[in-house]
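Q: Following the hints, complete the assembly by docking chain L onto the known chain U.
Protein chains: 2
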Amino acid sequence: MNYLNMTKEQLQAHYDAVYAHFLSCKEQKLKLNMARGKPAASQLDLVNDILTCLVDPKECLVDGIDARNYGELAGLPAAREYWADVLGCRPEQTIVGGSSSLNLMYDLISRAYTHGLTHSERPWSKEDVVKFLCPSPGYDRHFKVTESFGAELITVPMTAEGPDMDVVEQYVKDPQVKGIWCVPKYSNPDGIIYSDKTIDRLANLKAAAPDFTIMWDNAYCVHEFCGEYVEFPDIISICKKAGNPDMVYEFASTSKITFPGAGISVVASSEANIAYMLDIMGVQIISYDKINQLRHVKYLKNKAHTLEIMKKHATVLGPKFQMVLDMLDKEIAPCGFGNWVAPKGGYFVSFNTMPGTAKRALALCKEAGVVMTGAGATFPYGKDPQDSNIRIAPSLPPVDELEKAMDVFCTCLKLAALEKLMETK
Amino acid sequence: MNYLNMTKEQLQAHYDAVYAHFLSCKEQKLKLNMARGKPAASQLDLVNDILTCLVDPKECLVDGIDARNYGELAGLPAAREYWADVLGCRPEQTIVGGSSSLNLMYDLISRAYTHGLTHSERPWSKEDVVKFLCPSPGYDRHFKVTESFGAELITVPMTAEGPDMDVVEQYVKDPQVKGIWCVPKYSNPDGIIYSDKTIDRLANLKAAAPDFTIMWDNAYCVHEFCGEYVEFPDIISICKKAGNPDMVYEFASTSKITFPGAGISVVASSEANIAYMLDIMGVQIISYDKINQLRHVKYLKNKAHTLEIMKKHATVLGPKFQMVLDMLDKEIAPCGFGNWVAPKGGYFVSFNTMPGTAKRALALCKEAGVVMTGAGATFPYGKDPQDSNIRIAPSLPPVDELEKAMDVFCTCLKLAALEKLMETK
Numbered sequence: 010m011n012y013l014n015m016t017k018e019q020l021q022a023h024y025d026a027v028y029a030h031f032l033s034c035k036e037q038k039l040k041l042n043m044a045r046g047k048p049a050a051s052q053l054d055l056v057n058d059i060l061t062c063l064v065d066p067k068e069c070l071v072d073g074i075d076a077r078n079y080g081e082l083a084g085l086p087a088a089r090e091y092w093a094d095v096l097g098c099r100p101e102q103t104i105v106g107g108s109s110s111l112n113l114m115y116d117l118i119s120r121a122y123t124h125g126l127t128h129s130e131r132p133w134s135k136e137d138v139v140k141f142l143c144p145s146p147g148y149d150r151h152f153k154v155t156e157s158f159g160a161e162l163i164t165v166p167m168t169a170e171g172p173d174m175d176v177v178e179q180y181v182k183d184p185q186v187k188g189i190w191c192v193p194k195y196s197n198p199d200g201i202i203y204s205d206k207t208i209d210r211l212a213n214l215k216a217a218a219p220d221f222t223i224m225w226d227n228a229y230c231v232h233e234f235c236g237e238y239v240e241f242p243d244i245i246s247i248c249k250k251a252g253n254p255d256m257v258y259e260f261a262s263t264s265k266i267t268f269p270g271a272g273i274s275v276v277a278s279s280e281a282n283i284a285y286m287l288d289i290m291g292v293q294i295i296s297y298d299k300i301n302q303l304r305h306v307k308y309l310k311n312k313a314h315t316l317e318i319m320k321k322h323a324t325v326l327g328p329k330f331q332m333v334l335d336m337l338d339k340e341i342a343p344c345g346f347g348n349w350v351a352p353k354g355g356y357f358v359s360f361n362t363m364p365g366t367a368k369r370a371l372a373l374c375k376e377a378g379v380v381m382t383g384a385g386a387t388f389p390y391g392k393d394p395q396d397s398n399i400r401i402a403p404s405l406p407p408v409d410e411l412e413k414a415m416d417v418f419c420t421c422l423k424l425a426a427l428e429k430l431m432e433t434k
Numbered sequence: 010m011n012y013l014n015m016t017k018e019q020l021q022a023h024y025d026a027v028y029a030h031f032l033s034c035k036e037q038k039l040k041l042n043m044a045r046g047k048p049a050a051s052q053l054d055l056v057n058d059i060l061t062c063l064v065d066p067k068e069c070l071v072d073g074i075d076a077r078n079y080g081e082l083a084g085l086p087a088a089r090e091y092w093a094d095v096l097g098c099r100p101e102q103t104i105v106g107g108s109s110s111l112n113l114m115y116d117l118i119s120r121a122y123t124h125g126l127t128h129s130e131r132p133w134s135k136e137d138v139v140k141f142l143c144p145s146p147g148y149d150r151h152f153k154v155t156e157s158f159g160a161e162l163i164t165v166p167m168t169a170e171g172p173d174m175d176v177v178e179q180y181v182k183d184p185q186v187k188g189i190w191c192v193p194k195y196s197n198p199d200g201i202i203y204s205d206k207t208i209d210r211l212a213n214l215k216a217a218a219p220d221f222t223i224m225w226d227n228a229y230c231v232h233e234f235c236g237e238y239v240e241f242p243d244i245i246s247i248c249k250k251a252g253n254p255d256m257v258y259e260f261a262s263t264s265k266i267t268f269p270g271a272g273i274s275v276v277a278s279s280e281a282n283i284a285y286m287l288d289i290m291g292v293q294i295i296s297y298d299k300i301n302q303l304r305h306v307k308y309l310k311n312k313a314h315t316l317e318i319m320k321k322h323a324t325v326l327g328p329k330f331q332m333v334l335d336m337l338d339k340e341i342a343p344c345g346f347g348n349w350v351a352p353k354g355g356y357f358v359s360f361n362t363m364p365g366t367a368k369r370a371l372a373l374c375k376e377a378g379v380v381m382t383g384a385g386a387t388f389p390y391g392k393d394p395q396d397s398n399i400r401i402a403p404s405l406p407p408v409d410e411l412e413k414a415m416d417v418f419c420t421c422l423k424l425a426a427l428e429k430l431m432e433t434k
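Protein chains in written order, with this note's numbering: chain U, 10 to 434; chain L, 10 to 434.
Next comes chain U alone, as it looks inside the complex (with noise of 0.2 Å):
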């Protein structure tokens, strides 16, 4: 079965079966999708009480505030511990911004390019060239906001450990290298955990820009869907350690928390950073949505009860993650090509295809019906040098559609391989 021992009629025997199979998939008509690390209606349900637990008026007032009035820019206080309590920070090194930790990172590079960070010689708009180091496979969206700006993206490969640090160290010494994108748990796509060696040579990094940035998202800090809580560093206790206090601002959300994209976010920082950005922020915005600040600290209360709301999203993730796993075991690991690593947390899982195919593999899906995240996406300018690697995200379809869709997509893994060796022998 393995196809890398085959001979070029057994290739073409095999392919006719599976291609068989992938006529009849096509005649199903599916329309499935497993393109976006997008929360299943199940998981919403779970969560539906958020919509309940702040309707009396009296609450409004805590602290002091009407949280029903403007003010308080840098957010609640009461939301302000609620994340420092999950990140291990404190409440004057954060910010809670609105309902897109994806707009705190687009709005910090933004105010880079047009303002400068806390340690800029100038704006970022006005350096000749900005260089940005992407580790890849990783979050698309992550790099088209580099991208946006103009910066220049460089690839760095990604370990089992996160990104490969010699090569981060050696990049860093370029002033034009002005930071990096990281996601250190659960990292996007591959779904690892940087290792404590990794994060301390990161906080250590001698950067030869001032303004050098990392960019930490910690989008997955709690969203174990198999085994227990693993615990994280506060990275800007590691970076203050090394002598790198304000190189690093952390974000996060609510979104897979509870609703998505109607959740509140978080910028954590130093407090010379946080004061900083403060001071640029006033101008952009009189405050954030306290109300919806208020129902969340209400609903998740602190770290440990968030903790219990996150089983109950593994409840329904756990499932499909292994769902996922056990087809990639059976139906591709016996064909000798393709490569994975299981996560326990996160929301996507990193599969690299026979080098050369992952392309033709995910059209073929299209064809039958099952739209991925597009190949190349998990690279810098969407450009996989490989065309290799393809980001599986099982969160939003039901176990039963899940299970048709990846029944096509290792058809068309297969038929995509198949096709290749068959060129080649």
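Hints in this document: simulated from the structure, not taken from any laboratory. Don't take each hint at face value.
The list cannot tell twin chains apart, which means a pair is met if one copy fits it or any two copies do.
To be verified - Simulated pairs of lysine-lysine, DSBU-like, Cα-Cα distance not exceeding 35 Å:
no., residue 1, residue 2
1, K40, K307
2, K67, K375
3, K67, K307
4, K320, K67
A: Positioned in the frame of chain U, the structure of chain L alone reads:
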């Protein structure tokens, strides 16, 4: 009683009497605030039902969209329809944002600097000089946005019909002049409504800059506190008819309809501008808070129902403005200095005191425990060349406190004027 006809001795005698009253005010150790257009707690109480209007998760499914999940970058269709109804434009011409229209305005200017607008030859950050027209007195936060990006702010005089269009028409011949800030209805702070003639001349501007932009902040579009609702024209259609379809961006929010800072906002413009904006915004955010959009649509329903809610706000705001105007009529009018216009909507009374005395008057107010918007704030760079304009924001304090605050304010205006007159005698 007219100060201008008094002898030096009369001035001194009057000063002594007013100063004695000032001291008695100080003894009250007041802590009153007329600095910002903040609704009063009693106004917020009028709209508390918005907390309970969306509690059933089944109602989160609208137009085939689950408002609880990601998606719909331009906003929930029902929310776009709501704003189109209020503004008199079409839903396709709107993007419904988060809780702050200031944020949408800032982001538009920021985008102009980093990416350029629809007809920009280059991003504004690549221009040698960017100039922006600031009809004054105007809104300090508007001016600060463009100042923050390094634009050169140009003061344009306000008339009873809006910005002085003779001046505007001259300035826009300069290709470095990239835009103008406008508050067309109940302008901040003058409280005047732009005349049809002014609006027509604005729409027909022949600007040298291809990307000249009218920032049309329709902040008080339905905000009458006295008398009947006054219709306003759809600026987008008018600009289109004038052959300038992409010149205007209109902004509004529910911040003074429901809860300030916890409502929904909108930017409306031509379809071409909306498409261009969505393209860049798609990098910034996945979608704004659709749950809050839906909550607002359910609560506000449509323009007609919104106007009914505004009548309730008027019952709170009307008497406050009446108190301010009565006090000015009684205390200041007889003294022969100062002028003001009685507005019928908006959030401010614009008071022009004796030139050269505004700062001194407000310093005295502060000494007596009454905080006002800083003198000069209504002009670019916070500098009123006449040192005369003062913005009165009567909305926040209850009527009894407002009466005390106005007593202090009138007393301080008199003291500063008397000091000035005594100096020059």
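Q: Now, for every hint given, state plainly whether the structure supports it.
A: Going down the list of hints, with the structure as the test:
In this assembly of identical chains, the alpha carbons of K40 and K307 lie at most 35 Å apart only when taken from different copies (32 Å versus 38 Å within one copy). In the homo-oligomer, the alpha carbons of K67 and K375 lie at most 35 Å apart only across protomers (32 Å), although the nearest pairing inside one protomer, at 52 Å, exceeds that limit. Taking the shortest alpha-carbon separations for K67 and K307, both the intra-copy value of 13 Å and the inter-copy value of 22 Å come in at or below 35 Å. Within a single copy, K320 and K67 get their C-alpha atoms as close as 32 Å, and across copies as close as 24 Å, so both meet the 35 Å cut-off.
Violated hints: none; the structure is consistent with every hint.
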